[in-house]
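Protein chains in written order, with my numbering: chain Y, 1 to 155; chain E, 156 to 307.
Just so you know, the hints here were simulated from the structure itself, not pulled from any lab data.
Where hints are given, some of them may not hold.
According to the in silico footprint, chain E covers these stretches of chain Y (three or more CB under 8 angstroms from chain E) [claimed, not checked]:
1) 14-23
2) 42-56
3) 94-104
4) 129-138
Distance ranges between label pairs, derived from CB positions [stated by the list, open to error]:
5) Y:I124 x E:F269: 48 to 56 angstroms
6) E:P183 x Y:G141: 23 to 31 angstroms
7) E:A234 x Y:Q28: 25 to 33 angstroms
8) E:R161 x Y:A45: 27 to 35 angstroms
9) Y:T68 x E:R165: 44 to 52 angstroms
10) E:G283 x Y:D70: 30 to 38 angstroms
11) E:G283 x Y:T48: 23 to 31 angstroms
12) Y:T17 x E:T222: 24 to 32 angstroms
13) Y:R127 x E:R165: 38 to 46 angstroms
14) Y:T68 x E:F269: 33 to 41 angstroms
15) E:E306 x Y:A80: 21 to 29 angstroms
Keep in mind the model is a prediction, meaning the values are calculated, not measured.
Quick reminder that beta carbons are idealized off the backbone N, C-alpha and C, glycines included.
One letter stands for each residue in the lines below.
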Amino acid sequence: MGLEYRASGRSTANAATIDHVVAILWNQHATKMIHLREVHFYVAATGTGPNPGLIRTTTRGTPGSTVTPDIDNDALGLLAPISGALLDLGAYSVQPTLQKPYKIVTDVNAGIPGGGFAWVFGGIGIRVAAGTGVGIGQITGASIPASDVTMVWEE
Amino acid sequence: MGLSYRVGGRTANTAATADNVGAALWNPHATKDIYLRELHWFQTAATVSNPGLVRISARGTASASVTPDIDNDDLRLLAPISGAILDITYSAQPTVSTPYLHRTNLPAAIGSGFIWVFVGLVLRIAAGWGIAVATPVAVILQASDVTVVWEE
Numbered sequence: 001m002g003l004e005y006r007a008s009g010r011s012t013a014n015a016a017t018i019d020h021v022v023a024i025l026w027n028q029h030a031t032k033m034i035h036l037r038e039v040h041f042y043v044a045a046t047g048t049g050p051n052p053g054l055i056r057t058t059t060r061g062t063p064g065s066t067v068t069p070d071i072d073n074d075a076l077g078l079l080a081p082i083s084g085a086l087l088d089l090g091a092y093s094v095q096p097t098l099q100k101p102y103k104i105v106t107d108v109n110a111g112i113p114g115g116g117f118a119w120v121f122g123g124i125g126i127r128v129a130a131g132t133g134v135g136i137g138q139i140t141g142a143s144i145p146a147s148d149v150t151m152v153w154e155e
Numbered sequence: 156m157g158l159s160y161r162v163g164g165r166t167a168n169t170a171a172t173a174d175n176v177g178a179a180l181w182n183p184h185a186t187k188d189i190y191l192r193e194l195h196w197f198q199t200a201a202t203v204s205n206p207g208l209v210r211i212s213a214r215g216t217a218s219a220s221v222t223p224d225i226d227n228d229d230l231r232l233l234a235p236i237s238g239a240i241l242d243i244t245y246s247a248q249p250t251v252s253t254p255y256l257h258r259t260n261l262p263a264a265i266g267s268g269f270i271w272v273f274v275g276l277v278l279r280i281a282a283g284w285g286i287a288v289a290t291p292v293a294v295i296l297q298a299s300d301v302t303v304v305w306e307e
């Protein structure tokens, strides 16, 4: 078992385009893998019913903003993540390349802010290889509003 | 495994200022670490807010606090050696140490809230540090009932 990290941020509303990405945990390391343990997602604005899904990516694309985890994001407060993992947030100006099929699909009530979910992955979690990412995409052409996203991973 | 403690209190509204803290578990001990196990947060007002979990490196000035004693030990054996304290209102804000660890968004409903449970490697709060619920955006963090559970 390695060190556990968690990072969080808010995406902006996506275009109403299928497969557009909301947030990705991007592993930019050349060789080190990381393991996704939890994903938390809550819409922060009203909108039509969004349909988020868990998806792998093979390229980073160009995110709208990025949260760069540091030592404060270590559960033990000991070390910044060696992988240099980043939390990229939409809306993207250049979409990442998705590695389908989606691993999880769901539907969120966006009638009021706060609709969302927490996915927890048991065992060793979801492996994120070096130079790849995993995160949330739109499985339909329904726009996902601005949302609070938290990723928890181990490395 | 150490002893498990839990304490609760009611916060006041923060200002509509980014990174304003609503409540914090502050570890005043010079050397002893503590470990956050759970955080419970439930709004008392029907107004949208945006709670986030963040570390704090300076306590600020709390105008209201809850001081745990032997009754807050799950086994009722010992008051917390760390002297950990739950601050719930501030006259001078703590110093936050971003990035945020966790964020969420609550609807405009009394009683909306969450329970975060930290399993496996729990959240270490080093001596002379704290962990807080703050608003990452310039929107009032509503008065809420907060409960923290920690181990030391």
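Status of the hints after comparison with the structure:
Counting residues of the segment 14-23 of chain Y whose C-beta sits closer than 8 angstroms to any C-beta of chain E gives 0, which falls short of three, so the coverage hint is violated. For the segment 42-56 of chain Y, the stated coverage by chain E holds: 3 residues have a C-beta nearer than 8 angstroms to a C-beta of that chain, and at least 3 were required. With 0 residues having a beta carbon nearer than 8 angstroms to a beta carbon of chain E, the segment 94-104 of chain Y misses the requirement of three or more and the stated coverage is violated. Counting residues of the segment 129-138 of chain Y whose C-beta sits closer than 8 angstroms to any C-beta of chain E gives 0, which falls short of three, so the coverage hint is violated.
At roughly 26 angstroms, the beta carbons of I124 of chain Y and F269 of chain E sit outside the given window of 48 to 56 angstroms. One distance hint, 23 to 31 angstroms for the beta-carbon pair P183 of chain E and G141 of chain Y, is violated here, with the actual separation near 53 angstroms. For A234 of chain E and Q28 of chain Y, the Cβ-Cβ distance of about 46 angstroms falls outside the hinted range of 25 to 33 angstroms, so the restraint is violated. For R161 of chain E and A45 of chain Y, the Cβ-Cβ distance of about 34 angstroms falls inside the hinted range of 27 to 35 angstroms, so the restraint holds.
In this structure the hint that T68 of chain Y and R165 of chain E lie 44 to 52 angstroms apart at CB is violated, the actual value being about 35 angstroms. For G283 of chain E and D70 of chain Y, the Cβ-Cβ distance of about 18 angstroms falls outside the hinted range of 30 to 38 angstroms, so the restraint is violated. Distance hint check: the CB atoms of G283 of chain E and T48 of chain Y are about 48 angstroms apart, inconsistent with the given range 23 to 31 angstroms. About 54 angstroms separates the C-beta atoms of T17 of chain Y and T222 of chain E, a value inconsistent with the hinted range of 24 to 32 angstroms.
The supplied range of 38 to 46 angstroms is met by R127 of chain Y and R165 of chain E, whose beta-carbon atoms lie about 43 angstroms from each other. For the pair T68 of chain Y and F269 of chain E, the supplied restraint of 33 to 41 angstroms is violated, since their beta-carbon distance comes to about 25 angstroms. Remark: the range hint 21 to 29 angstroms for E306 of chain E to A80 of chain Y is upheld by a beta-carbon distance near 25 angstroms.
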